[in-house]
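Participant: Make a model of the complete structure from these sequences and hints.
Residue numbers (our numbering), protein chains in the order written: chain A, 927 to 1091; chain C, 2 to 674; chain B, 200 to 527; chain W, 26 to 320.
Any given hint could turn out to be false.
Stated by the list, open to error - Computed list of lysine-lysine pairs in BS3-like fashion (alpha-carbon distance at most 30 Å, straight line):
1. 1081/A x 206/B
2. 138/W x 958/A
3. 1081/A x 254/B
4. 958/A x 613/C
5. 1081/A x 248/B
6. 1049/A x 111/C
7. 531/C x 958/A
8. 411/B x 612/C
9. 411/B x 514/C
10. 1049/A x 202/W
11. 186/W x 459/C
12. 202/W x 475/C
13. 414/B x 613/C
Hints in this document: simulated from the structure, not taken from any laboratory.
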Amino acid sequence: MSDETFEPKIVGFMCNWCSYRAADLAGSARIKYPPNVRIIRVMCSGRIDPTFVLKALSLGADGVMVAGCHPGECHYIDQNYKAMRRFGMLKHMLAAMGVEAERVQLVWASAAEGQQLADAVEKLVADVRALGPLNWPGNWNEHKDRLEAIESMVKEHAEAMEVLP
Amino acid sequence: MAERVGIYVCHCGSNIAGTVDVEEVARWAGQHIKDVVVSKDYKFMCSSLGQAMIEEDIKTKGLTRVVVAACSPHLHEKTFRRACANAGLNPYLCQMTNIREHVSWVCTDKAAGTEKAKALVSASAERVKYQRPLEPMYVDVNPATLVVGGGIAGLQAALELADAGHPVYLVEREPSIGGHMAQFDKTFPTLDCSACILTPKMSEAGQHENITLLTYSELEEVSGSVGGFTVKIRKKARYVDYDKCTGCGICSEKCPRKVIDTVFEAGIGERKAIYSPFPQAVPRIPVIDVDSCLYFTRGKCQVCSKVCPTNAIDYEQKDELIEVKVGNIILATGWKLFDCARMPQYGYGRLANVFTNLEFERLCNAAGPTNGKIVLRDGKTEPKSVAIIHCVGSRDVNYNEGCSAVCCMAALKLGHLVLEKTNAEVYSFYIDMRTNQKMYEEFYQRLLAEGMHFVRGKVAEVTDAARNPDEQGKLIVQCEDTLLGRQRRIPVDMVVLMSAMEPQADAKELGLKCGISCSMAGWYTERHPKLDPVATMTDGVFVAGVCQGAKDIPASVAQGAAAAARVQGMITKGRVMIEPIVATIDEEGCSGCRICNNLCPYNAIEFDEEKKVSRVIAALCKGCGTCVAACPAGVITGAHFNNQQIFAEIEGALWDAAAAKTEEETATQSVSA
Amino acid sequence: MSKAKGKLAVYWAASCGGCDIALLAIDDKILKVSEAFDVVFWPCAADGKVHDIEKMADGEIDVCLFNGGIRTSEQEYMAQLLRKKSKVLVAFGSCAHEGCIPGLANLNNRQECFDTAYRDTPSTENPQNVRPRHETQVPEGTLYLPVFYDTLKTLDQTVPVDYYLPGCPPEADRIWDAIVAILEGKLPPPGSVIGSDTTVCDECPRKRTEKKIKKFHRTWEIIPDPDTCLLEQGLLCMGIATRAGCGALCPQVNSPCIGCYGPNNDVKDHGARMMSALASVIDSQDPGEIQQIIEEGIPDPVGSFYRFGLAHSLLRRGKLAADGNGHK
Amino acid sequence: MKYAYYPGCSMECNAAAYEMSTQVVARALGFKLVEVDDWNCCGATEFFSQDELTASAVVARNLALVAPELNQLVAPCAACYLNLAKTDRLMQDNATINAKVNEALAAGGLKYKAGRVRVRHLLDVIYQDFGEERIREKVVRSLEGLRVAPYYGCQVVRPIKGDDSTEYPLHMDELFKWLGAEVVDYPVKAHCCGGHMTQISEPQAFELIRRLLQSAVDYEADMILCMCPMCQLNLDAYQSRVNGFFGTNFRMPIVYFTQMLGVALGFELKELGFGKELVSAEPALRAKLAQRASV
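Facilitator: This is the structure in structure tokens:
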């Protein structure tokens, strides 16, 4: 994939009360931002499980946005602090796995911050675009010689033993 | 058995169809998404015809799941859930895809918009297959209502509800109800006296059998939810026994300690250390200001106690925390004045004869510190010329971007009062004259006829740096007159700053307690700016008056009444539906590790010491899902947002990104092939 | 058990061999196994030839206990062969189940594995820098070694697996439970893990209360109280997120669970579950402090949370070099 | 504390007193000013209006030359400060200019990532980074009794919005209150000094200068404090011409704020460049501060 045509695929996990509504507001206000983020709604950023982020990356997402209400402004009192802690833990682990920090970003946006959310999307997309595709599933595809080696082994054994078609 | 999914893509006129090829999305979904048996596009899905189409398909085509790709679920989720229910499908088997706010309105390129819409539809379609039927839960509505704020909006709301026969708790931070309206002299455009129209309402509220007045009190904590809130209120110590005091006022009269009254008199008048803010205060029970009271600060005096005929003074009184149970809450907390010292170029605080509009209201008010005489800061000189500067701290990106809505009319009113009471020339410096309500423009015309001078332009500065003898000793208002197209310097004796209305300093904090948010400007966010202006995103919490946005008295009254009407509707209905989105713990799988026990702010998770398992109390659970994400054994399920559903949604959203996997899968098959 | 004897195969791929020993740890019950089965293939214990297996009819082997992950083309071939010849294929032990310690090498690529094994370890004496190669020319012709992969795969990432027997190694009692289930035909639905679906906490006698963690300790830093939950003492005990079945062996001897039984049913990613649970109870609301607690307390997050499950996790491995296949 | 330092051309000749006092004050407060190696013209006042892109490229070269380990650049001259800050802002906001400027820089083997360097005026550094407590500690000769009129001019306060008010700035006022001076509430503190109008239309320029001087006299100030070489030049050098033009008799000393800060920190007048101003500040200093120390 050449850089000119690389359109990052990004999954955004957003809480029902603030960040999802910020995205709604960005829409109502016709604020334009890159179309790369596909938003998945959860009730609270506290629902966001690191597994979701890993799942998205493992399926080929180039980046992930985790968004919630500002700290201290959670609709569920303080559950977004749990999101903050999990994000810190996840970030630490992803760094060890070699995933660039810019690919997974934590964003706080209140329901009134349509512009801020749009800006955050713009930044995330620009950051990921600069890093290039992640293509995580491609990461565990083996070199071509693996297939050849198995085929030659199958052939060798088949010829010797005449067991396999 | 495979689900039978129906997909409905809305054009929303051209709102969606303008930047998303909706026909293509529907066609693609029908061909590429598994288990889709119907995929259609339609001009307006939310119309009765659109809904009927879905209902018809559910019945005739045996749909078991429905996806509606249209606007935000916050707008129409209920509509489509109802349509499904009408056709006998559990409403929670319907999923909305937001391709308007999240796609068509934010995209510029139609091809990109169409691709994004496909991904979102795919996500919903994969998710909806795993959705489970849910039964809504109902709670009874407590008929009592809490109204926070005793200004005109809150008063109106409280009286409407009380008159309808429902109990109301009216909480007010100051010693008396009345709010800002009690400070004003006249009201525009009719010029009737503010106190004359307000005080009857105040005393009505004070005497109403259904209203419990909680003045000098503040909201401490809110728990529970719509229908059944529990509210903790701090009744601050007045140091006066509420039951013994008759409100005779001798204590204030005899109190030797005078202080500047920065609240009611806006800093230009005085009050005593034991005081009732104004003569018509409701209740008439005074309070002791401990920061200035001689007894509290120096340990001696006690004059008030000695003169009180009913022994009502109680220096030992403590703050009291009370708890009330209500079904709904109306916030009508009003506003505060912009701090004009933040615009030093206008000289407030530096130049003596620069006043705020609130100070000037008190100056004009016959019950105010000057008995209604308009005089300079020296307390005696009548000004010969007065400049009224509009938009101070409002319509200014450096302070408040929005318009304060009332200042043009208030400036006209103050101008009229100056013309009426003095011989001064009056200059109004305005950016735009906004007089767009009933009888407002007529009032503007009246002031033009009365001889008030109007200069269109934003004032650059108010200075005492004179350039010629005429300016010597005056305040010079420097301004570009945009109608004349030139700079003007107008020397005056007195300047009145029409200061912006700003949200209360603790508006955000109070909003959080009640679970509602503020706009960027700091006003409470209504559920819908046009169609639902007094409800909020939190069921059972309503807003009225200026706390929702700057507005004048008639609009505040209308909102107060509107909020009361909404609450009455809830009370009459008797019960409200709450979403069955709650967590459940599989007790078989729970090993009692107790990770989740500390995570719930509503204490909805209890630990069974005997069985060594944790359990969710459904009635307390608000469905945030934090415990679901935290459970290390994965045995907590969040209804409507379970792992399976979200994983499927992620997979669907990335339907076009998973290509790299296929190569691997084909490679593993070489032996068995 | 009067019916005809079944056929049993046991195979060893990328693993330490502990699983073969564990099979013997069922003690004299092994005799009952041999009463019920003819062992047709068990390279670790008895002589056997691949071509004997190749000559068998498909599905001729009743049960194959396969331990070890898939690191080379030969192992992949054997996995495919045994899958084809066996009615029931059991991923036996943590390596076949989730990659186990050999899977931790997925943080590196082939080149780095070879550098470590053939150059960097202190005990290596390899002045000519000899490395294994797939093809080697000798006068007699070409010799082949299996291809060594960049990424270790689990058995079920290679071929369909019927049952999993978790553990590093599986506990003798659990092995016997599984054998009994096989003999009595009382197996759970295919695809299941044979074992409990609760977590180690269920078997752990320590006292647990609500959790709040201000600091994580490494095992050598503190001597934990013997009666209190180890996690509550700041030790990174994986027991909360790890399938029961071992009888909480490690916590019973004052050592935190390291997670060898893997996660319980329906959990997609063992490490993520653990991270999520652990992070949730960190006792701080300050982003800087949170980061400090995490980074100082858990210097090796992958080794801590994915010690056994990296190859089977959602990401499966660390990021490879830019050319995509690790051939730096 | 260490900052990159961009002196600009004025500091070398007509504002030598500013440069001298800046260096003395920096040493006394313990911060290091590392001069940008091989700096060039800041574009002065008019260049940006003539050719924005070329001006940006010329100015950006200075930003690019800031040593990589430093991320704050201090400019004492108001025009330099504004041009440097404006260029950085322009490059951040305008991708085209950013790209073209970097293209130009690349020709000289340089590059500049917009936003890397925070451009600050000297007053802001002293006011914010040292702050009241530390400055008060350093005062050895209080300016008590001296009435000063703080004059900010235009370029430092506008249009780049800092932390001070853009309409009625107060930081210099506060700084001199810490030093013990009586700060007059100088209402024309951010008005125009005439700028280059002196070269175009003297009557216009003289009127602007007269207003500033008159206001200082009205408020009984002993001197006007400047933070811009252009302001100082106009108010000081043209004062006698203004007197001639209007028949007035102004004798208002115009000095740099760093000079008076230096006095408060206990330095000798000579070290601070006093004596270079045309309307001597010495009589005022002697009269007001004589009894305190060896002025």
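Participant: Each hint should be assessed against the structure and marked as holding or not.
Facilitator: Taking the hints in turn, this is what the structure says about them:
Of the supplied pair hints, the one linking residue 1081/A and residue 206/B holds, its CA atoms being roughly 27 Å apart against a limit of 30 Å. Taking the CA atoms of residue 138/W and residue 958/A, the gap is about 26 Å. The hint holds against a cut of 30 Å. Distance check on the hinted pair: residue 1081/A and residue 254/B sit about 15 Å apart at the alpha-carbon level, within 30 Å; holds. Our distance criterion of 30 Å between C-alpha atoms is broken by residue 958/A and residue 613/C, whose separation comes to about 53 Å.
The hinted pair formed by residue 1081/A and residue 248/B meets the criterion: a straight-line CA distance of about 17 Å does not exceed 30 Å. As the CA atoms of residue 1049/A and residue 111/C are separated by approximately 22 Å, the hinted pair is consistent with the 30 Å bound. Note on residue 531/C and residue 958/A: the hinted pairing holds, with a Cα-Cα distance of about 23 Å set against a maximum of 30 Å. Our distance criterion of 30 Å between C-alpha atoms is met by residue 411/B and residue 612/C, whose separation comes to about 22 Å.
Distance check on the hinted pair: residue 411/B and residue 514/C sit about 25 Å apart at the alpha-carbon level, within 30 Å; holds. About 44 Å separates the Cα atoms of residue 1049/A and residue 202/W, which puts this hinted pair outside 30 Å; it is violated. At most 30 Å may separate the alpha-carbon atoms for a hinted pair to count; residue 186/W and residue 459/C meet this at roughly 20 Å. A C-alpha spacing of about 27 Å is found between residue 202/W and residue 475/C, which places the hinted pair at or below 30 Å, so the restraint holds.
The hinted pair formed by residue 414/B and residue 613/C meets the criterion: a straight-line CA distance of about 26 Å does not exceed 30 Å.
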